[in-house]
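Chain by chain, the residues:
Number of protein chains: 2
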Amino acid sequence: MKRIAIDMDEVIADFTSKHIRLFNEKFNESLTLMDIQGSKLREIRPEWTNEILELIRDPLFFRDLIPIKDSQEVIRYLSTQYEIFITTAAMEFPTSFTAKYEWLKEHFDYLDDMNFVFCGDKSIIHADYLIDDNSRHFKNFKGQGILFTASHNVNEIGYDRVDSWLEVKEYFASR
Amino acid sequence: MKRIAIDMDEVIADFTSKHIRLFNEKFNESLTLMDIQGSKLREIRPEWTNEILELIRDPLFFRDLIPIKDSQEVIRYLSTQYEIFITTAAMEFPTSFTAKYEWLKEHFDYLDDMNFVFCGDKSIIHADYLIDDNSRHFKNFKGQGILFTASHNVNEIGYDRVDSWLEVKEYFASR
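Chains as they are written, first to last, in our numbering: chain A, 404 to 578; chain B, 404 to 578.
Hints listed in this document are in silico derivations from the structure and should not be mistaken for laboratory results.
For glycine and all other residues, C-beta sits at the position ideal for the given N, C-alpha and C.
Among the hints, a few may not be true.
Claimed, not checked - Stretch-level coverage of chain A by chain B, calculated; a stretch enters the list once three of its residues show a Cβ under 8 Å from a Cβ in chain B:
1. 514-521
2. 525-534
To be verified - Residues of chain A clear of chain B, computed beta-carbon distances all greater than 12 Å:
3. 431
4. 483
5. 552
6. 569
7. 578
Work the whole structure out from these sequences, hints included.
Right, here's the structure in full:
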């Protein structure tokens, strides 16, 4: 059985919508997802980099993110044909461990928690496919990287790309 | 550069000594490491399995473990010649994430936390070597497993085995 490794933030958990909302509340702004296309919030407002990162360091930030559309259904479907591992770069925000674990248990209760991986450098991941919104993780990954479209990566080229979980389903239907 | 993945409990962190001490305090017993050779505490006292596991579920259990003798020095030495990843089966005790992270930052401050991996099923680990006290992790591991002697595994045969970190150093000196 082949194995698919799947990132969390921006792939199965809608990280950016909450991040922008909290930023707008804190700084009385009205940025939208369209405003940050092709970059990250801290690149749009570099003068507030520390404050922007501080929002994510709240231990509860990751606990109530909205699952990305169709991710729960499509991963359930794929799990009948592939081994599924959730591989998230949690070491960048060590305060997030518990919230991320609880979130996965809530929204992906059909996955075995023995298949959750909290890591940093994803070159440690042994899998056939890696679905991720950060292309840097593909560089030393031995399998096939699949770039999941997120606002910050819309201008990147040179990767297999999927725009949605329905496209992920199609991608694997043709394997 | 080749890569060595290294387990935490019973390999770099002295898990069992504290576990036995807490058990003895709670049940007014005087078990020693010798008493549990070839098995685990919960196999010696199966009637207290739940209580024995409960001791480990304390979020602080892992915070003050004693580093295994010579592990800090030998891993520092090996890190000049190998990529070092710490790969721990933290998903069995999700309350342990923060304590394990802080422990690593305290005792192995020379390692990059991007090389810490909290996982369950270690077949996800992509490395050339895995030093672990649980041989079950070697079954689907693609690299070379190295069994680090712990009281529960003394009777297992069929693996490359090391009894101490000085033996680990010798093992890699001859590669």
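Going through the hints against the structure:
{"no.": "1", "hint": "514-521", "in the structure": "holds (count 7)"}
{"no.": "2", "hint": "525-534", "in the structure": "holds (count 5)"}
{"no.": "3", "hint": "431", "in the structure": "holds (34 Å)"}
{"no.": "4", "hint": "483", "in the structure": "holds (18 Å)"}
{"no.": "5", "hint": "552", "in the structure": "holds (25 Å)"}
{"no.": "6", "hint": "569", "in the structure": "holds (26 Å)"}
{"no.": "7", "hint": "578", "in the structure": "holds (20 Å)"}
Checked against the numbered hints listed earlier, the structure breaks none of them; every hint is satisfied.
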